[in-house]
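Produce the complete structure using the sequences and hints provided.
Going by the working numbering, the residue at position 42 of the sequence shown is 42; the numbering climbs one at a time, nothing skipped.
Keep in mind the hints are simulated off the structure, nothing from the lab. Mixed in with the good hints, there may be bad ones.
[As the list claims (entries may be wrong)] Straight-line alpha carbon distances no greater than 20 Å define the calculated EDC-like cross-link-like pairs of lysine to aspartate or glutamate that follow: (1) 96 with 78; (2) 133 with 194; (3) 133 with 144.
[As the list claims (entries may be wrong)] So the derived label-pair ranges between C-beta atoms look like this: (4) 130 with 227: 38 to 46 Å; (5) 93 with 138: 27 to 35 Å; (6) 131 with 220: 39 to 47 Å; (7) 186 with 43: 28 to 36 Å; (8) 131 with 1: 46 to 54 Å; (9) 16 with 138: 15 to 23 Å; (10) 179 with 92: 17 to 25 Å; (11) 107 with 192: 32 to 40 Å; (12) 92 with 195: 38 to 46 Å; (13) 6 with 44: 47 to 55 Å; (14) 187 with 24: 26 to 34 Å; (15) 131 with 243: 54 to 62 Å; (16) 218 with 114: 24 to 32 Å.
Note that CB positions come from ideal geometry on N, CA and C, so glycine has one too.
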Amino acid sequence: MIASIRAELRKLLTVRSTYLIFLGCLAIIVLFAGYGDGIRASAASLRNPNQLAQESYSAILFVGLIIALVGLLSFGHEYRYNGIMYTLTASNNRLKSLAAKAIVVTIFAVITSVIFALFSPLCNILAIHFSGKRLGPQSFDVWDVLWHCVFVGWGYAMYAFILVAIIRSQVGAIVMFLLIPLIGETILAAVFKDLGKYLPFTSLQSVTPGSLVALPANLAHYVTVSLIYIGGGLLVSAVLFARRDAN
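Have a look at this one:
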């Protein structure tokens, strides 16, 4: 199992898109948290005691969706270039290969989520300082902010991983991953008002306090719904991947 994890980690870190997407996410954070909410910060936002925490949540809700594409692309490349055959023949257990991929995606998602959750408020602080403005007293519970951000970032990554494992097409998985939250769930939530809190991406995004998509329900509900979708998706992925036609 350790050998499989190392092999998957090597694949992830040798793909150029991994670094391009990561650097792109950092640039987006600098633009929005540094310039938009820092240099051009309004007086009201400077007095907001939750300004820094909101920067962390805003960052993970947006760039978390983008960084999740790293795991999707890493797995999707194998189907696109028929490398999946080498993966399946290199291991004596297909489920072990799938588990190794999920573990590596989880590790990457957790690390990048922590980086983004801390980098965003840091950019905001530095931008406000160098622009000659003054930020009011802040309430920033590091561990509380981190677990919310890590859960959302990991959830995004798992959704992307599940889609590519089921669809087995890189392009198809990317399209579905972007269309479901941006268009599909938006339409469903608008038509069926109470359905939103049971949708996968809406529930996941609502884990962050003050989320614009949050609907009336408690935090435990959103976490539970998200975990049910992730658990069910991984189960379906495992069943399909274990079949002989997994390639």
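Now for the hints, and whether the structure bears them out:
1. Note on residue 96 and residue 78: the hinted pairing holds, with a Cα-Cα distance of about 16 Å set against a maximum of 20 Å.
2. Distance hint between residue 133 and residue 194 is unfulfilled; the C-alpha atoms sit about 42 Å from each other, more than 20 Å.
3. Only pairs whose Cα atoms come within 20 Å are accepted, and residue 133 paired with residue 144 is rejected, the gap being roughly 27 Å.
4. The given range of 38 to 46 Å is respected by residue 130 and residue 227, whose C-beta atoms sit roughly 42 Å from each other.
5. For residue 93 paired with residue 138, a C-beta distance near 49 Å fails the hint of 27 to 35 Å.
6. Our hint of 39 to 47 Å for residue 131 and residue 220 holds, since their Cβ atoms are close to 40 Å apart.
7. For the pair residue 186 and residue 43, the beta carbons lie near 32 Å from each other, so the given range of 28 to 36 Å is met.
8. Distance hint for residue 131 and residue 1: a CB-CB separation of about 50 Å, consistent with the stated range 46 to 54 Å.
9. With their beta carbons about 38 Å apart, residue 16 and residue 138 fall outside the hinted range of 15 to 23 Å.
10. The hinted range of 17 to 25 Å is not satisfied by residue 179 and residue 92, whose Cβ atoms lie roughly 37 Å apart.
11. The hinted window of 32 to 40 Å between residue 107 and residue 192 holds, with their beta carbons roughly 37 Å apart.
12. For residue 92 and residue 195, the hinted distance range of 38 to 46 Å is satisfied, since their beta carbons lie about 44 Å from each other.
13. In this structure the hint that residue 6 and residue 44 lie 47 to 55 Å apart at CB holds, the actual value being about 50 Å.
14. In this structure the supplied range 26 to 34 Å holds for residue 187 paired with residue 24, their Cβ-Cβ distance being about 28 Å.
15. Separation of residue 131 from residue 243 is about 57 Å and conforms to the stated range, judged on CB atoms against 54 to 62 Å.
16. Restraint check, residue 218 to residue 114: a C-beta distance of roughly 25 Å satisfies the suggested window 24 to 32 Å.
The structure is inconsistent with the numbered hints 2, 3, 5, 9, 10, although it conforms to all the rest.
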